[in-house]
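A.B. asks: Here is how the chains run, residue by residue.
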Amino acid sequence: MDNAGELSSTRKERSMLLAILNILFLLIVPFLFIGIINRTKAFWAGRRGAPVIQPIYDFIKLINKGEVISTTSSYIFKVYPVITYASIIFAGLLIPIISHKSVLDFKLNFILFAYILAFGKFFALIGAMDTGSSFEGIGASREVTFSTIAEPAFFIVIASFVALTGNYSFQDIFLFLQKSNTFVYLITVLSAVTFFIILLVEGSRVPVDDPNTHLELTMIHEVMVLDNSGPDLAFICHGAAIKMTIFAILIANLLLPERIGIIYSSLLLLVIISAISIVIGTIESLVARLRMTHVPQFIFISISVSLIMLSATLLFIYGGAK
Amino acid sequence: MNNFVIVLFAITTLYLSSTSRIDAYIKTLAIQGFLLFLLVFFDSGHITGPNLIFLYIETLGFKSIIIPLFLFYILRRNDIARERDPRIPHFFLMAITSIILLFGFFISFWSLEFAQNIDKALYFGISVSTIITGFLIIMTRRKIITHVIAYMVIENGIFLLSLSILKEMSFIVNLGVLLDIFVAIFLLGLFITRIHSTFERINIDSLTNLKD
Amino acid sequence: MIIFFLGISFILAGGFGALLINEKEKARCLAIFSGIGTFFILVPAIKVLVSGITITSTIKFTYPIGNVSLIIDPLSAFFLSLISIMSFIGIIYSIGYIKPYLHKRMAISSHYFFLSILVISMLLVCIVQNALAFLVVWEIMAISSFFLVIFESEKKEVIHAGINYIINMHIGLFILMVGFLILSINAGNVDFSSFKVLLNTNTSFTNTMFIIFFLGFGVKAGFFPVHTWLPRAHPAAPSHISGMMSGIMIKTGIYGILRILTLINKPSLTLSYFVLMISIISAVYGIIYAIRQNDIKKMLAYCSIENIGIIGIGIGIGMLGLSYNNNIVAIMGFSGSILHILNHSIFKGLLFYGAGFIYQKTHTKNMEHLGGLAKKMPAVSLLFLIGSIAISGLPPFNGFISEFIIYNGMFQSFLVRNPFILVTVIISVASLALVGAMALLCFTKAFSAIFLGNAKNTYTESINDMSPAMLVSMVVLAIFTLLIGLFPQYVFKLLINPVSVLVPSYHFSVESLNFVSTLSTLSWCIMAFIIIAGLIYLIRYLLLKQRSVYQYKTWDCGYQAGNNRMQYTSSSYADPFLSLTKPLVHNEVELTRIEGFFPQEASMKTHNHDVVEIYLLKPAFKGIKSLLNLFSWVQSGDTQLYIFYGLTSLVATLLWIMLAN
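Chains as they are written, first to last, in the working numbering: chain X, 1 to 322; chain L, 1 to 212; chain A, 1 to 661.
It is worth saying that the hints were derived from the structure and are not from the lab. A hint or two may mislead.
Cβ pair distances, simulated, as ranges [what the hints assert, rightly or not]:
(1) Gln551(A) with Lys61(X): 47 to 57 Å
(2) Leu286(X) with Ile281(A): 40 to 50 Å
(3) Ser153(A) with Ser98(L): 49 to 59 Å
Computed footprint of chain X on chain A, listed as stretches where at least three residues anywhere in the stretch have a Cβ under 8 Å from a Cβ of chain X [claimed, not checked]:
(4) 369-383
(5) 422-429
(6) 565-578
For clarity, every value in this text was computed on a predicted model and none was experimentally measured. Don't be surprised by glycine CBs; every beta carbon is placed ideally from N, CA and C.
Sequences are here, hints too, so could you generate the full structure?
C.D. replies: Here it is in structure tokens:
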């Protein structure tokens, strides 16, 4: 949706089409994202692996099932998957997807982005604690620690972008980032690294968390949803996939040139997102999960990278631009 | 005429320091009240209206009649007669009181020269000496009822001070003095019996146990 | 102004009435009278708030106070409305809370009397403009709140906490007296307006004076490092008093700082950075300590320190805007902090009242001993949940809005092309985000430990009977939370007038209108989010209608001997995070180990102490004590000796005056 003054009917139709495309992209691509990751891991393991669209089949299967509710839990347990899912979808509406345009664009929408995700996480945490099981408790306590450490990194990166471009919403930042300038491109690459680390944290990927081992070895994300079943579990899995895809889209949009057409942009986006998922799958196959006490240090790397990015931004603005 | 009354007032404070009978204290208090009434009566040119009536009631009524009667009642109730074993012998106390009186006169003459806005210099000097004498009596006597009487003497001195400094009698100063009197007599009257029954003597020596 | 005093006299009448009426009706009496009084106070306050005019009046006292001018300008009007409405809600809550104490011969009548005095003194603090009268009313506020804190005076730790509180308040009062004395002597007059000229001439003088006043008011507000009374006084006080103290009384400290700020035309850069730094440290310190606590009220007290830090960050950003002559930044910073003052009193009141409810039913404030209450009291759990979400600054509630406005101020300050301010502001952005994330940790911990999971003990008292007064007050606060969160654009319009007192050269500019449109877009987006969530819930409901949903116990990996103590407790939930903060805090561990090879009894106790208390205050007081012990011979216990001391000094003074002439 454009915030400009007079809209001709074609422009209005174009923005409606773009919004619908963005929403479809947001809902469908995550399945493929997870599928490609699994396929890559299978490749490295020497297997053939499930088809890339397998997550879609899993989703439909789960939706058609009933549910088992724990007797210990209260009303929170019944509502939290819906709330978390809705918050992730809503956050996806705020980011720029195809041709650097987001569905909901207004000043400082990145603050709403971060805080809506936090709102979803609040409910995920209390929903996990609601079952009264020590498994979910372990997962919740580790999850909350890691995301607390990762939170300032995101804000430092976005604040540096605001200082660099002088614009205040996601869409405007991405549109006006002059990637033609090599120094700015360096800053962009640094921020992409930060976002990648945040993706690994939020998406519970190696080296922070191993999504294959649900118990005993790593108890972070997977163990938080042990007691969920049926449509709730479908929402949670799809939501997690969408969250990862959101960060992948942010990284992709950072690396893509601005002001390109819809078709060209969506194709490039798909290519880069697939590349990112292949990279994630490769890392998962080749790198071991970190010791639990070393994970905070790893997440702190994201803060250090964001601080390096901040200093680079300062150098760019106040020193001579390279 | 006024100066004569003032000098009589000074002599009463001297008498206070020499005697050790408590009903003598109370009678002196009554006489002091009457002398203050005379002062206000002769000075009534400056003060008018309800203030004057108030002052008359305060000096004649309270200080001369009601409070001494109340104190006599307490005396009978608790069977007190004399002040025993003061801290310093009577002779020394009388000597110090005379020195204070001289000091008071000295202050009066000093204020005539250096502090021009004091109207009646003699009042000022004598009032200071009365206040200091009152403090001295509290310092050297042991019975609580003596302390209260000396407190009344201090209040009389303050009354005299306010007569001398202020152009017109300040209502607020009087109210403050009355409040002090009220509280002291009230406390003394209500609790003297209880203190007597608890401590079995009305000395203040045992109060040192309250030290931290 | 007459209507205002009519309101005050109604509240005072309520207090006196509480002394006379019989036990059961005391709270109701005060509630009715304070309700009428609140209405009368709100009439001039809202009028000033909305229209921006100023109401003045003067009361003539004699020397030494002189003329006391009373001014209701929009800043005072904001605080007046806040204090009156929140006190009224608190008194309504206390109707239900005081019920179990009614027949135990406790000092309820004096409690309600002092409550009315506290409310009146807080209201008067906001309007007097005379330094001496201000100090008098400030002291009345401190003393009346002391009597309220020690309500349960039969417990020793309550008395200790109360004495700690009153001593801290007097230290603050002393610092304030020093400040006001210096200003009055130099200005020759005790009225605030005469300080204005004085404070705008010499920068270093203004800086020193502001820091003195900041420290003095900071004791009341709870800034680091003078916050140590807060975590002691709040658990000791009854819950409605904790809620009112944390929600309203602390904010009078902020009012004092803001009032001094209005006297300074352009704060220097040193001051702005100072306020910003202290606030960031307070916020981070407060929330880390809040996470360490297992006592609900102590945690909420430390959380108040954190929120005061956030308010201070807003004030710091506003002051930065004033120093750099950037009006937009100043407006955003101050409106964010003023809105956060309102928001904090709403959701902190909600949380404290919920904690009081829990304490009343379960008789414990320890989170570790609670659990599973969401099934027993679903209404209170929902209200506490709303409070927790609001205090973590999450949409759709009001905490998010004030943080959003402060963020806006921070981001707008990038327009000032200065590298130093850029770095500082980005660090404050990161700190604010970090503090918000830690608050999320803290309140998920609290909510889970208290309400979710299984009960760790069996509860003896029947939990189901809910007092309607307590519920009504909490529901009203929750509705306020939601309304401010969903309709921020209207609330922002109300804030413009108080902020314009602080930013005098402000004109209603286009940029500000742009922000209002941003806020309305924000509100539409949040409502869209709620609709999306509702739609998805509908889809889930439709999906599950044809499927089977059945109940079974929590999956336990086949372990058959599970019991309720096996679930994750609040300290275990917070442990991974707290292990990261170990170097910053002081932990005392008492450990009795097992000797030898065979099983024996062992125990471990941990105490967490406040770092400021252990490393700063305790050694200082030890030093003062040993110094003063040298003079203990002066105290002989003999009253006549003391009179002798006094008399000698009196005579010496007289002689000195006479000889000096």
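A.B. asks: Against each hint, give a clear statement of whether it holds in the structure.
C.D. replies: Hints versus structure:
no., hint, verdict
1, Gln551(A) with Lys61(X): 47 to 57 Å, "violated, 23 Å"
2, Leu286(X) with Ile281(A): 40 to 50 Å, "holds, 43 Å"
3, Ser153(A) with Ser98(L): 49 to 59 Å, "holds, 54 Å"
4, 369-383, "holds (count 6)"
5, 422-429, "holds (count 5)"
6, 565-578, "holds (count 9)"
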